[in-house]
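Undergrad: Sequence:
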Amino acid sequence: MDSKTDISTTILTVARQRGIEKSTCPSEIARMLFPDDWRNHMDEIVDVAIDMHKQGKVQITQKGLRIDVMHIKGPIRIKITTQDK
Numbered sequence: 001m002d003s004k005t006d007i008s009t010t011i012l013t014v015a016r017q018r019g020i021e022k023s024t025c026p027s028e029i030a031r032m033l034f035p036d037d038w039r040n041h042m043d044e045i046v047d048v049a050i051d052m053h054k055q056g057k058v059q060i061t062q063k064g065l066r067i068d069v070m071h072i073k074g075p076i077r078i079k080i081t082t083q084d085k
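Numbering (our numbering), first residue to last: 1 to 85.
Calculated directly from the structure, the hints in this document are not laboratory data.
Quantities reported herein were computed from a predicted structural model and do not represent experimental measurements.
Just so you know, nobody snuck in bad clues.
Below 25 Å or equal to it, Euclidean Cα-Cα: the simulated DMTMM-like pairs (lysine to aspartate or glutamate) are: (1) K63 <-> E28; (2) K57 <-> E28; (3) K54 <-> D43; (4) K22 <-> D51; (5) K73 <-> D47; (6) K54 <-> E44; (7) K22 <-> D68; (8) K4 <-> D37; (9) K79 <-> D6; (10) K79 <-> D51; (11) K57 <-> D43; (12) K57 <-> D6; (13) K4 <-> E28; (14) K54 <-> E21; (15) K73 <-> E28; (16) K4 <-> E44; (17) K63 <-> E21; (18) K22 <-> D43; (19) K4 <-> D51; (20) K79 <-> D43; (21) K63 <-> D51; (22) K54 <-> D68; (23) K22 <-> E44; (24) K57 <-> E21; (25) K73 <-> D43; (26) K79 <-> D47; (27) K4 <-> D43; (28) K57 <-> D68; (29) K63 <-> D43; (30) K57 <-> E44; (31) K79 <-> E44; (32) K79 <-> D37; (33) K79 <-> D68; (34) K73 <-> D51; (35) K73 <-> E21.
Quick list of simulated restraints, FRET-style, between CB atoms: (36) D36 <-> H71: 28 to 36 Å; (37) T82 <-> D36: 33 to 41 Å; (38) L12 <-> G64: 14 to 22 Å; (39) D37 <-> R66: 24 to 32 Å; (40) L65 <-> D37: 26 to 34 Å.
Glycine included, C-beta positions come from ideal geometry on N, C-alpha and C.
Could you build all of it, start to finish, from the sequences and the hints given here?
TA: Listed below in structure tokens is the structure:
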């Protein structure tokens with residue numbers, strides 16, 4: 001199992017299902033992939049989401065607003081970008 005690939009695929013699948021108006025919490029992705037110890041994987045989920053944000057595949061937001069991923073403080077949400085359908 002390639003954990004980063006699985007995480008990336010799951011993030012994209014969930015984000016696409018939600019559409020551009022809705023987002024998902026990183027903990028939701030962690031619970032899907034690692035149901036027994038999801039908390040231990042939260043940093044990995046967020047790191048993959050940040051990489052995907054930098055590649056333009058997803059947006060990372062706080063309180064509905066896009067943020068600078070180099071200065072994350074507090075809970076984040078992940079959503080699909082408008083160019084990715």
